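Trainee: Residue numbers (our numbering), protein chains in the order written: chain A, 1 to 353; chain B, 354 to 400; chain C, 401 to 789.
Note that these hints are calculated values from the structure, not bench results. Fair warning: there could be bad hints in the mix.
Within a straight-line C-alpha distance of at most 27 Å, the following computed DSSO-like cross-link-like pairs (lysine-lysine) qualify [stated by the list, open to error]:
#, chain 1, residue 1, chain 2, residue 2
1, A, Lys284, A, Lys297
2, A, Lys297, A, Lys322
3, A, Lys125, C, Lys635
4, C, Lys595, A, Lys121
5, C, Lys557, C, Lys709
6, C, Lys595, A, Lys134
7, A, Lys298, A, Lys286
8, A, Lys286, C, Lys709
9, C, Lys481, A, Lys284
Just so we're clear, the structure is a prediction, and the values are computed from it rather than from any experiment.
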Amino acid sequence: MGLTRRDFLYGIGGVTSSFVTRKAFGATKSFSPHENSVGVLHDITRCIGCRKCEDACHQVNHLPDPKLSFSDLSVLNTVRRTHSDVYTVVNRFEVNGQSVFVKKQCNHCLEPACASACFVKAFKKEITGPVIYKESLCVGCRYCMIACPFNIPAYEYHNPFSPKVTKCTLCSDRLNQGLLPGCVDICPKEALVFGTRQHLINIARQRIDEHPERYIDHIYGEHEMGGTSWLYISGVKFSDIGMREDLGTISAPALTAGPLSAVPIVVGLWPVLLTGMYAISKRKEKIAEAEKAEAVKKAQRIMQEQMETKIAEVKSKSEKEKEAAIQKAVKQAVAGAEKKFQSEKSEIEEAKS
Amino acid sequence: MEHIYYSLHDFMLHSKTITYLIMGVILILLPLYWRFLTGRDEKNRYY
Amino acid sequence: MTTHSESRSLLTPFNVVAGIIVMVGIVITGLRFFSGLSTVTNLDDNNPWGLWIGFDLLCGVALAAGGYVTSASCYIFGLKKYHSAVRPAILTAFLGYALVVFALHYDVGRPWRLPYPIFLSQGTTSLLFEVGLCVFMYLTVLLIEYSPAALEWLGYKKARNIIVRMTLALTILGVVLSTLHQSSLGALYIIAPSKLHPLWYSSYLPVFFFISSMFSGMSMVIFEGSLAHRYLHHKMDKTHLTESEGVVLGFAKAASFIMAGYVAIKVIGISADNNWHYLATPYGVWFLVELIGFVALPSFAYAIGVREKKIQLIRWTALWSVLGIVLNRLNISLIAFNWQLPTSERYFPSWMEIAISIFIVTIGVLVYRFVVNRMPILYEHPDYQEHHS
C-alpha cells in the first residue's frame with residue numbers, strides 16, 4: 001500500500017539536488033515528472049458516496065458550510081461540479097442498474113492547461129506534484145477555466161474587489177507538514193490511495209490484472225491530456241460516469257506549441273517581406289515616373305525641333321521679304337531719282353528754250 | 354458511421370488524399386473567379 | 401452652461417438615444433464594479449467567457465482591422481488612391497482598440513491588474529500573453545499613427561512632421577503586430593479541442609482569424625465610409641469625395657477575392673481533420689449558413705458590385721460581410737463553444753451584458769463624431785496638403 005509520507009519527503013529532499021532540468025525548445029522534446037512526484041489513485045469501485053471527503057476538504061480549506069450538511073445524501077441526485085466554495089464533489093451515476101460514485105477535483109495535470117494558459121504565471125506545477133494557484137498575480141481573465149479540459153477551476157463572480165480562481169491544492173500545505181491530503185486521510189474505504197505517481201500506476205495495474213472481472217482495463221489519467229497526478233480505475237466505462245474519454249493524450253502546452261512557434265517567425269520575416277514589397281512598389285513608382293519624365297522630354301524635344309524649323313523657315317522667309325523690299329525700295333528710289341532727273345532735265349530744257 | 358482508423362498513418366493517407374484533390378479544384382476555381390471578378394475591368398495586359 | 405438655443409439644437413433623436421444608453425451604461429458600470437460580475441452577467445464556472453469576450457474583444461479587434469489593411473495598402477503596396485481613406489481607418493482602428501481595452505476592464509476580475517502580464521509576471525506560454533502584449537503595443541502604434549491629425553488641429557507643426565516621417569516604419573510595425581494578435585485570438589481556442597465543436601476547431605484557427613480580419617477590415621472601411629458619406633458629407637474635401645468611389649471598388653474587389661480564398665481554406669480545414677460527417681448534423685447546417693450565407697454569398701455579391709460598378713450593392717454587402725464576421729466570432733466563442741454541455745448549462749448573455757456592449761459601441765460612435773467634427777480626418781488640413789499625385 002502506497003508510500004509513507006516519510007519515505008516520500010525523504011525521497012524528495014534527497015533527489016532534488018540531483019534533479020536535472022532539461023531545456024525546453026519545443027514540443028518535440030519529451031519530459032517526464034520527477035520520480036517522487038506524488039498523486040492520488042481513486043479506486044471508483046470502492047467509493048460508497050459517503051461524502052466524508054467533501055466534508056474534510058471543507059474543513060482543511062476553511063470553506064463556508066453548505067446549506068445542506070455533508071451527511072445529507074440527497075445532493076447526490078444531481079450531478080455537480082466544483083465551485084468557488086467547493087473544491088471537490090462526489091457524484092452518483094446509475095450504470096446498468098448499479099450506483100457508481102465518483103469523486104471529482106483538480107487532477108493536477110503533469111502538463112497543466114491552466115498553467116499553460118495563464119498569462120501572469122499564476123499557476124505552477126510543483127516538482128512535488130500539486131498544481132498551485134497564486135492569487136497575488138491573478139488578473140481574473142479566466143482563460144484557465146476555458147483551457148481546463150476537466151472543467152475544474154471556478155471563479156468568485158460574486159466578489160467585486162478581490163475575486164479569485166479556486167481549485168483543489170492537493171493539500172500542498174499539509175504535504176509540506178508531512179500530512180496526507182484531507183480527503184485521502186478521512187476516506188473510510190481506502191478508495192483514495194496516496195503515493196508517488198509511478199507507484200500508484202503500478203498498484204492500479206496490479207489491481208486490474210488481479211481482478212479483470214472487477215475493473216475495465218484503463219487507468220484514467222495515465223495518458224489523458226499528457227497525464228495527470230490523480231489516477232482513476234473503474235468497473236464501468238469512464239464516459240458513463242461523467243469522465244470524458246475523448247480528450248486525447250496531447251498535453252495543453254503541446255497543443256499551443258504550434259501557433260506559439262509561429263510568433264517569432266512572423267516577427268523575423270514580416271518586416272523583411274513588407275519592406276521588400278514597399279521597395280518593389282517604390283521601384284515601380286520610380287520606373288513609372290522615369291518613363292513619364294522620358295515621354296515628356298521626348299515630346300518637348302519634338303516640339304522644340306518643330307519650333308526651330310518653323311522659326312528658321314519664318315526667318316528665311318522674312319529675310320527674303322526684306323531683301324525684296326530693299327530691292328524694291330532701291331528700284332523705286334532709282335526710278336524716282338530718274339524721274340526727277342528727267343523732269344528737272346526737261347524743266348531746264350524748257351527754260352533754255 | 355465514420356470509418357474507424359487504427360493508425361495516424363491510415364487516417365492521414367485518407368484525409369490528405371482528399372485534401373490534395375481539393376487543392377487541385379481550388380487551383381482551377383480561384384483563377385476563374387478572379388477572371389469573373391475583373392471581367393469588366395478596362396483591358397490591361399498583365400504579364 | 402449652454403444657452404437655451406444651443407441646448408435645443410443638441411436635442412436630436414440621435415443624441416437623446418445616445419444619452420439614454422450612456423446613462424444606463426453608467427448605472428450598470430457601477431453595479432459591475434461595486435457588486436461584482438455575478439450581479440450583472442450570466443457567466444458561470446462552465447462558461448467563463450461571455451458576450452464581453454465574444455463580441456467586445458473578438459469582434460472589436462476583427463472589425464478594427466481596417467487600420468492595418470488600409471495603411472498597408474497605401475504606404476507599403478503603394479496604392480496611393482487609398483490615401484484619403486487612411487486617416488478615417490486609423491482613427492476607427494484606434495478607437496476600436498481603445499474600446500476593446502476599455503471593455504476588458506469590465507470583463508476581468510481585477511482590471512487594475514491588467515498591466516501585470518506585461519510589466520510584472522510574463523506568462524509567455526500563454527497565447528493570451530501574446531495577444532495582450534500585441535494589443536498594448538499596437539494601441540500605442542495606432543495612437544502615434546493617429547496623432548498627426550490631432551497635432552495639425554492643435555498646430556504643432558514640428559512634432560507632426562517628425563511623426564509623419566516615421567510613417568513607413570509605423571505601418572510595417574502595425575502590420576506585424578496585427579498579424580500576430582489577429583491570428584493569436586483564434587489560436588486562443590487551440591488549447592481547448594474538447595470544448596469547441598470540431599467544425600470550428602482546427603489547427604488552422606490562427607490562419608482563419610488572420611485572413612478573415614483582412615476582409616473584415618476592408619468591409620468595415622466601406623461600411624463606415626457609407627455612414628460617413630450619409631452623415632458627414634459636409635466634412636469631406638474634394639480629394640476624399642473623388643477618391644471614395646475608387647476606394648469602395650478597390651476594397652470590394654480585394655475583399656471578394658480574399659473571401660474566396662477564405663472559403664477555400666475553410667474547406668481544407670474540414671478535409672484536414674476529416675470532419676465531413678459533421679456537416680449532416682444541425683451544427684453542420686449552422687456551419688454552412690455561416691460559410692456560404694455569410695462569406696461565399698457576400699463574396700459573390702461584392703464581385704457583382706465590382707463588375708457592374710454598383711456602389712450601393714457593395715455598401716450593403718459590406719454590412720453583410722461585417723455581420724458574417726460577427727457571426728463567426730460569436731460561433732467560436734459562444735455558440736459552438738461548450739457544445740457538448742446540456743442546454744441547461746449553456747450560456748446566454750444577460751440584458752445588462754448586452755447593454756454594456758451597446759454602451760461601449762455608443763461611446764465609440766460619440767468619440768468618432770467628436771473627433772471628425774474637429775480634426776482633419778475626412779479632409780486634408782490646408783497647411784499640410786501632400787504633394788502626392
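Trainee: Hint by hint, say whether it matches the structure.
Mentor: Comparing the hints with the structure gives:
1. Lys284/A with Lys297/A: Within the cut-off at roughly 20 Å; holds.
2. Lys297/A with Lys322/A: violated (36 Å)
3. Lys125/A with Lys635/C: violated (59 Å)
4. Lys595/C with Lys121/A: holds (23 Å)
5. Lys557/C with Lys709/C: violated (40 Å)
6. Lys595/C with Lys134/A: Given pair Lys595/C, Lys134/A holds - Cα atoms ~26 Å apart, limit 27 Å.
7. Lys298/A with Lys286/A: holds (18 Å)
8. Lys286/A with Lys709/C: violated (31 Å)
9. Lys481/C with Lys284/A: holds (15 Å)
Comparing the model with each earlier hint shows violations of hints 2, 3, 5 and 8; every other hint is respected.
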